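> Chains S and L, in that order, are what the protein sequence lines are.
Numbering of the first sequence is given in the working numbering, commencing with residue 1 and proceeding in unit increments.
Numbering of the second sequence is given in the working numbering, commencing with residue 1 and proceeding in unit increments.
No lab work stands behind these hints: they were computed from the structure.
Only a predicted model underlies this, so the values are computations on that prediction, with no experimental measurement involved.
From the three backbone atoms N, C-alpha and C, an ideal C-beta is built for every residue, glycine too.
Errors might be hidden in some of the hints.
To be verified - Pulled from the structure, derived: some chain S residues nowhere near chain L, Cβ distances all over 12 Å:
#: 1; residue: Pro52
#: 2; residue: Val140
#: 3; residue: His200
#: 4; residue: Arg273
#: 5; residue: Ala277
As the list claims (entries may be wrong) - Simulated pairs of lysine to any residue, SDA-like, Cα-Cα distance not exceeding 20 Å:
#: 6; chain 1: S; residue 1: Lys47; chain 2: S; residue 2: Ala95
#: 7; chain 1: S; residue 1: Lys83; chain 2: L; residue 2: Arg51
#: 8; chain 1: L; residue 1: Lys121; chain 2: L; residue 2: Gly144
#: 9; chain 1: S; residue 1: Lys83; chain 2: L; residue 2: Thr276
#: 10; chain 1: S; residue 1: Lys282; chain 2: S; residue 2: Met270
#: 11; chain 1: S; residue 1: Lys83; chain 2: L; residue 2: Lys83
#: 12; chain 1: S; residue 1: Lys83; chain 2: S; residue 2: Gly172
#: 13; chain 1: L; residue 1: Lys282; chain 2: L; residue 2: Thr85
#: 14; chain 1: L; residue 1: Lys121; chain 2: L; residue 2: Pro3
#: 15; chain 1: L; residue 1: Lys83; chain 2: S; residue 2: Phe274
#: 16; chain 1: L; residue 1: Lys83; chain 2: S; residue 2: Met213
#: 17; chain 1: L; residue 1: Lys38; chain 2: L; residue 2: Gly67
#: 18; chain 1: L; residue 1: Lys282; chain 2: L; residue 2: Leu269
#: 19; chain 1: L; residue 1: Lys38; chain 2: L; residue 2: Pro3
#: 20; chain 1: L; residue 1: Lys83; chain 2: S; residue 2: Val275
#: 21; chain 1: L; residue 1: Lys24; chain 2: L; residue 2: Arg125
#: 22; chain 1: L; residue 1: Lys121; chain 2: L; residue 2: Lys38
#: 23; chain 1: L; residue 1: Lys47; chain 2: L; residue 2: Lys24
#: 24; chain 1: S; residue 1: Lys121; chain 2: S; residue 2: Asp246
#: 25; chain 1: L; residue 1: Lys47; chain 2: L; residue 2: Ala15
#: 26; chain 1: L; residue 1: Lys282; chain 2: S; residue 2: Thr151
#: 27; chain 1: S; residue 1: Lys38; chain 2: S; residue 2: Lys24
#: 28; chain 1: S; residue 1: Lys83; chain 2: L; residue 2: Val275
#: 29; chain 1: L; residue 1: Lys121; chain 2: L; residue 2: Ile283
#: 30; chain 1: S; residue 1: Lys282; chain 2: L; residue 2: Gly122
#: 31; chain 1: S; residue 1: Lys24; chain 2: S; residue 2: Glu302
#: 32; chain 1: L; residue 1: Lys2; chain 2: L; residue 2: Lys121
#: 33; chain 1: L; residue 1: Lys83; chain 2: S; residue 2: Arg273
Protein chains: 2
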Amino acid sequence: MKPGVRLGIDLGGTAVKLALVNEKGRVLELRRVDTSKKPRALVALLKEAVRPWRSRRLLGTGVGVAGDVDPARGVVRFAPNLKWTNVPLRALFRAARFPGPLHFENDATAAAWGAYHAELKGRSRNLVVMTLGTGVGGGVVLEGRVYRGATGSAGELGHMVIDPAGPRCGCGNRGCLETFLGGIHMAAWARNELRRSGRHVPEELSPGLLYQMARRGDALALRMWRRAGRALGVALSNLINIFNPDTVLLCGGVAGASPLLLRYARPELMRSRFVTARGAAKIRVSTDNQHLGVVGAALLVE
Amino acid sequence: MKPGVRLGIDLGGTAVKLALVNEKGRVLELRRVDTSKKPRALVALLKEAVRPWRSRRLLGTGVGVAGDVDPARGVVRFAPNLKWTNVPLRALFRAARFPGPLHFENDATAAAWGAYHAELKGRSRNLVVMTLGTGVGGGVVLEGRVYRGATGSAGELGHMVIDPAGPRCGCGNRGCLETFLGGIHMAAWARNELRRSGRHVPEELSPGLLYQMARRGDALALRMWRRAGRALGVALSNLINIFNPDTVLLCGGVAGASPLLLRYARPELMRSRFVTARGAAKIRVSTDNQHLGVVGAALLVE
């Protein structure tokens with residue numbers, strides 16, 4: 001990676017992170033901006049946000065977007081949380097004179113690249129990254145390179161079907177991994193179960209709170225994590241059989257509950273007699289969780 | 001691919017195919033040998049089988065083996081149908097003076113490479129090949145290159161779990177794709193259902209016979225193909241979300257039932273709103289089905 005500073009932008013559903021990132025993946029400066037709904041207004045806002053950095057010599061700008069991105073054309077085909085369809089982001093960034101070259105990517109794929117470089121220091125050849133948050137995302141680095149597939153849409157690991165009779169997913173399918181492991185789905189499940197058992201339902205039922213409850217021995221919360229952990233185990237088993245990775249990295253907020261998740265996931269993993277692939281795959285939990293998306297976006301600039 | 005003739009060997013559970021293959025993937029000559037159980041005796045038998053070709057100038061030998069192969073060391077770690085464990089195949093082939101260089105690979109991965117070159121003529125960048133036979137195998141070609149993973153074990157697509165409450169699989173897991181779509185599992189399911197409904201159970205209940213029965217409108221056979229087709233649909237949906245391939249190729253004997261299988265698979269595929277990846281993936285049925293394994297093995301010699 002060429003030495004120097006790059007601008008990284010992580011464009012999520014509710015907030016945008018902007019950072020100056022060095023070639024080792026260190027965040028030198030960081031800013032946050034609320035997501036505005038209209039693309040043009042948002043790009044203007046981002047331009048304003050990077051004004052303090054305008055005297056810096058930057059090697060380019062990398063942008064990760066929570067949605068279906070066409071990296072070749074720099075177009076956001078669809079970003080449900082931003083309510084964007086076919087937004088020509090490269091043209092907008094170019095018109096706003098962001099430092100080029102410009103690179104656009106799905107945010108989870110960018111995060112995978114960030115993890116590969118900044119956290120694993122390139123000590124992996126075949127890496128699967130699962131981003132556990134409100135939803136479940138994924139990105140893959142194969143043979144040391146970002147794998148994008150035919151249209152930049154590869155690595156939608158959260159929408160692997162774990163149980164065809166499972167809950168309805170936002171994607172239209174049933175029983176996707178996300179319906180068991182996504183923060184929003186876990187909260188909905190727990191809310192429903194609490195109500196059914198006549199218990200008080202906390203206003204904000206975050207994965208963090210549910211993890212605390214489980215650690216205090218709450219049976220309902222433990223049941224929820226067991227359900228999520230088993231689904232994770234099935235997903236891990238599938239991904240290991242498919243990719244034969246050397247590393248699977250769990251990141252995102254919900255990865256904080258990994259001790260519990262992995263306790264329930266492991267028995268699912270151990271069922272299979274495909275010992276070579278299982279033995280080769282280290283399952284790691286990200287310790288450098290916070291800025292992988294924005295770091296990865298920056299490091300996608302060559 | 002360098003012009004010239006290579007020796008390909010497809011080492012399956014019950015038979016070995018040997019072929020001279022040109023750089024376009026055309027089979028010039030073909031021989032078959034029964035699989036003998038002991039590796040050393042088998043290699044001697046193979047050496048005998050290629051004697052008529054000993055005057056040919058060959059660019060090397062590629063071997064596909066039905067099992068877990070270490071391509072780097074040329075060792076067959078485990079081949080359940082051959083009852084082999086840790087067989088140093090490269091050393092045996094070298095001692096028997098097979099024309100080098102020697103290349104060893106999992107048979108389904110070899111078949112994927114054969115399909116990529118000989119059938120698709122390289123007109124694909126990201127290809128997923130599913131081999132539908134007694135079991136369900138797979139191989140992937142990503143960015144125009146064979147993808148092997150960390151230990152050469154990648155692409156075990158038949159052991160993707162489709163339903164965690166599904167039937168017990170030979171691999172130790174439950175509800176693998178293979179338990180719905182593998183010929184041996186389909187026959188077992190049909191035999192059981194025929195018995196339950198008091199019907200005659202044919203001695204040999206092959207997928208071919210079950211396909212004929214379904215085409216004649218037999219309700220039980222149709223139910224079986226619907227079950228298999230739905231599982232295939234879930235698998236295809238997962239693989240498209242994971243790999244975002246331009247092509248998925250179905251090959252192997254059971255792929256002959258693709259018209260029926262895909263009729264039941266498509267509704268599963270259409271559930272998801274991830275339209276970009278789905279739109280990019282052509283699902284094709286191999287028309288050049290017979291020798292992909294032996295051709296691919298040969299073409300793995302550079």
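> Given the hinted pair Lys282 (chain L) and Leu269 (chain L), is their alpha-carbon gap at most 20 Å?
12 Å, holds
> Far enough from chain L: is every CB of that chain over 12 Å from the CB of His200 (chain S)?
With a cut-off of 12 Å, His200 (chain S) remains clear of chain L, as the shortest Cβ separation is near 32 Å.
> Does Ala277 (chain S) sit more than 12 Å from chain L, CB to CB?
Incorrect as stated: the minimum Cβ-Cβ distance to chain L is 4 Å, not above 12 Å.
> Next pair to validate is Lys121 (chain L) with Lys38 (chain L); report whether the Cα-Cα distance is within 20 Å.
This hinted pair is violated, its Cα atoms lying about 37 Å apart.
> Holds or violated: are the alpha carbons of Lys83 (chain L) and Arg273 (chain S) at most 20 Å from each other?
15 Å, holds
> Below or equal to 20 Å on CA atoms is what counts here, so check Lys38 (chain S) against Lys24 (chain S).
Roughly 33 Å separates the two Cα atoms, so the pair is violated.
> Given the hint that Lys47 (chain L) pairs with Lys24 (chain L), does the C-alpha gap stay at or below 20 Å?
25 Å, violated
> Taking 12 Å as the cut and beta carbons as the points, is Arg273 (chain S) off the interface with chain L?
4 Å, violated
> CA of Lys282 (chain S) to CA of Gly122 (chain L), is that 20 Å or under?
34 Å, violated
> Can you confirm whether the C-alpha distance between Lys282 (chain L) and Thr85 (chain L) stays at or below 20 Å?
38 Å, violated
> Need the status of pair Lys83 (chain S), Gly172 (chain S): alpha-carbon distance at most 20 Å?
The given pair, whose Cα atoms are some 17 Å apart, holds under the 20 Å limit.
> Quickly compare the C-alpha distance for Lys47 (chain L) and Ala15 (chain L) to 20 Å and report which way the hint goes.
Answer holds: Lys47 (chain L) to Ala15 (chain L) is near 15 Å, not above 20 Å.
When held up to the earlier numbered hints, the structure conflicts with 2, 4, 5, 7, 11, 13, 16, 19, 22, 23, 27 and 30 and fits the remainder.
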